[in-house]
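All chains, please: the whole structure from these sequences, using the hints.
For the sequence shown, the positions run 5 to 959 when our numbering is used.
Just so you know, these hints were derived from the structure itself, not from any lab. Warning: the hint list may mix true and false statements.
Said to hold, decoys possible - Straight-line C-alpha distance at most 35 Å; calculated DSBU-like pairs for lysine-lysine: (1) 744 - 477; (2) 636 - 476; (3) 346 - 677; (4) 954 - 302; (5) 21 - 885; (6) 497 - 302; (7) 954 - 646; (8) 488 - 650; (9) 29 - 230; (10) 230 - 98; (11) 959 - 650.
Said to hold, decoys possible - Restraint ranges, calculated between C-beta atoms of paired labels, are given here: (12) 276 - 908: 37 to 43 Å; (13) 911 - 726: 54 to 60 Å; (14) 945 - 500: 29 to 35 Å.
Keep in mind that this is a model prediction, so the values were computed, not measured. Cβ atoms here follow ideal geometry from the backbone N, Cα and C, with glycine treated the same way.
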Amino acid sequence: MILFASCTNLLAAQNTKALEVKEIKLENGLTVWLNEDHSQPKIFGAVVVKAGAKDCPDTGIAHYFEHMMFKGTDKIGTIDYEAEKVLLDSITVKYDELAATEDEAERARIQKEINELSIESSDYVIPNEFNRLISKYGGSGLNAATSYDATIYFNTFSPQYMAQWAEINSERLLNPVFRLFQSELETVYEEKNMYGDFIGGPVMDRLLARYFAPHPYAYPIIGSTKNLKNPRLTEMRKFFEEYYVASNMALILSGDFDTEAVLPILEKTFSRIRPGEAPKKEVVPLPPFKGKEKMVVKFPVPLVKAMGLGFRGVPANHEDQVALAIAVNMLNNANGTGFLDKLMVERKIMGSMAMNESMNEAGILAVAIIPKLMFQTNRGAEKMVWKEINRVKAGDFSDELFNSLKQEQRWKYASNLENIDSRARIMMSLFSQGKSWDDYLQEVSKIDSLTKEDVVRVARKYFSDNYLCVTKKTGKYPKDNLQKPDFNPIVPKNSEATSAYARHLDSIPTAELKPRFIDFKKDVQTMQLNPLATLYTTANPVTDIFTLYLSYQIGVLEQPELSHLANYLQFLGTDSQSFHDFRTQLQVLGSTIVFEATDNHFYVRITGFDNHFDETLRLVGDFLRHAKADEKQIRQVVNDAKVTEKAFFESSDNIANALLEKVKYGDQSRYLKKLSLSEVKKLKGKDLIKLFEQVRRMECDMHYCGTLPMEKVAEQIKASIPVDEITVAAENAPYYREAKKYDKPLVYFVDMPTASQSIVYGYVKGEVTDDAWSRHAARLFSVYFGGDMSSLMFQEIREFRSLAYRVNGRYILPPHKLEGKAGEFVTMLSTQSDKTLDAMEVLNNLIQDMPEKPERISNIRQSIVNQVNNDYPSFRDLSEKVANYRRNGFESDPGEDLLADISGMDMKDIVRFYRHIVRTKPVVYVVVGNSMRIDMKKLGAYGEVIRVKKKDIYK
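Have a look at this one:
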């Protein structure tokens, strides 16, 4: 650790303990990484298994096994495992029979038998008990992810529940049970449908298949449709027994714990995991490309030309990895000073981006190219890009640029270490790649020792004349539109039961530990720089990286042109400096500037190193005062708007969001208030600069996080930033749009013939919720109805009936400071087209006649406690949290009152809120889907069907 600090000068000496990772091996061979950090009242816990899609290519086993790991074990999720096992064993046999036949009649018969056995076995199932236990013992954010190389299971939890967390998560790995498999597999189909509807999904599948063949990376992680139709539980069990062994796994913990105190707990629990060695497979070598190999792919966006150059990259542990990263940054970097960035800024091409991604056994090195929309060919654009690549290969770059990019790499390494979540992500990635924590630290030393010759060498080696050249043509690929299964819902009878194992956990002693709330006065320092400019500062105890965010209180909801302004400013210089000179000076200092327009704010985000704080602010201040309009750069703004418009209606999610906005806000929809393409074409640079001047006059919160004292920061801000210009109060902040009220149920429908899934939103205009009871009851109701894996929507729509992959629902409260305003109840699901009516029937029944399950109230309250505690912000996010609370009318952390109130609430409060706010109101549905696969007449049962045209929802 001392070596790391000395070689980079990035780490503040006062808290290097937060960067220490203790690596130990348990007696069974399981790796444990412990990172103690008390800056937030939470622990991030993860189990990493070095087994992913490449270990079962094209089958999808690694991924759907990940799904099954949430179904429990022989102890979790069952009231009588011995009786249940008899039926589960029969189901396993039936799946083997199913995989062995292609006769459709026979398959239908077997599926029916599996369905009957699954319904019978569900009599013993306690659905979602694993999730409920995680939540009961302080957990939030429960999830998992499968990659090509690894599977990761993770969540955040409160420190006092370390013993329970370790017990539950180790028990999970001893004997997982594949219950409710039939319905979960159907949910995986829904997930595959979702990816197929994503605009780039089918294209990426084909690109990876060609790029990686014959390596297992060539197959999709989720598996092929054919293999998903023919799952074998025996193969899934074999996969678990081979790969889920202690030596192939790691436990990652980062957060608020005492290392010495937790070691005995981990030894007792995780040492139970079965020892053994995972299979060792030979790495499949990728053949070199032979010259310029060509490939054409279909992409459903007209007018826009696109191409890509794919080279052989390096795997994660390769000695050239760090040097190659610098070579790629020569082409594109954070300040836009790379050689390819320059082509875009000078409008020689529309866009180009180099990418460098390393997996365990291979790497992707590629350059994407978008020629100008008019009068430029793929060949012409490629020629320009190759000229810039060859500059790197020839060493045609200055020492100044080279050293600044080394500094940028060091910044990336150090910033990843600042908080519990980002540090844990690095730890998980390192273990899955076969690296140690020390390897990560030593990579920074490698950056320092890199020479210009090293970068030239790797550029010549990897940007070779042997590559895959991919060009785009406008078109779409056919989709695997599966028919909905003809089996009955699997609805367990014991959904509110408790297993003997769960009752055993109650006996584990737990320390009393109250949630930590933000102290507005102690946790953040504030200073008024003028009546409308407030400086918030927080200390960075880990690195000497600073951030300064200028948050002007106006956003795109009030001023739609701001999104184009933020884009335009990225290409400008000043009266005295060109874009290149301005950005190069920032690059040399290790600083960046980014502009961003959100719903309610316009941000100027500045980052850098504290030892260059003064110089950075002088440069930024000069830009703020003297940004120079460049009419030629408006073409970039126009081109971006063209691409956005052409791509918009190829995404069902985009269309559904626009339709929902229209239904909720009418002409105030963000998609109708935005500038049309013809209006964007009329924009003038000088007008956008005038708009920027107006923005800088708006009330502003300034958020500094770093190592400098507040007085020093304030002094430099006053000297450099035009604080005196801030004279306009933000009377409309936050900008509020009144949601529409409907007097009858309606269905707004947009036909999308190419969609595999329907996107369905439900909308109910609520009532005024000014009082604390209503606002706090709304939180309880949201968690109960559609908030997590134990919610009504998740269980009834996804878990029991496999009618959707994505489901959620919540009551959205208006800003606290605005009195007399009503909230909105919004639900969402995505489902295979021919399941649309089935899913809507279940959802509508839940909304019209919400089941009452008082047994859940304790877990619902605990879930909110967990959210409040585990969402305590990191040091860099503290001041924005406080400022937003204050602007919303709070003088202290609202979580404190929330938890105090809900401690005395029960199911009666949820029911009272539901009956008053939701049940008595008409539901308006928003549906985007393929009308050929939906019975439109039956859809009318939910209200008059109003077919909407694209022009009605998008300007």
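These are the hints, each one checked on the structure:
1. 744 - 477: Violated, at roughly 42 Å.
2. 636 - 476: 27 Å, holds
3. 346 - 677: OK: residue 346 and residue 677 at ~33 Å, within 35 Å.
4. 954 - 302: 24 Å, holds
5. 21 - 885: 26 Å, holds
6. 497 - 302: 48 Å, violated
7. 954 - 646: At roughly 16 Å apart (the allowed maximum being 35 Å), residue 646 and residue 954 satisfy the hint.
8. 488 - 650: Holds, at roughly 32 Å.
9. 29 - 230: 41 Å, violated
10. 230 - 98: Distance of about 18 Å is within 35 Å: holds.
11. 959 - 650: Roughly 13 Å separates the two Cα atoms, so the pair holds.
12. 276 - 908: 37 to 43 Å: Roughly 40 Å apart at Cβ, these two residues keep to the hinted range, so it holds.
13. 911 - 726: 54 to 60 Å: 55 Å, holds
14. 945 - 500: 29 to 35 Å: 31 Å Cβ-Cβ, so the 29 to 35 Å window holds.
Checked against the numbered hints given earlier, this structure breaks hints 1, 6 and 9; the rest are met.
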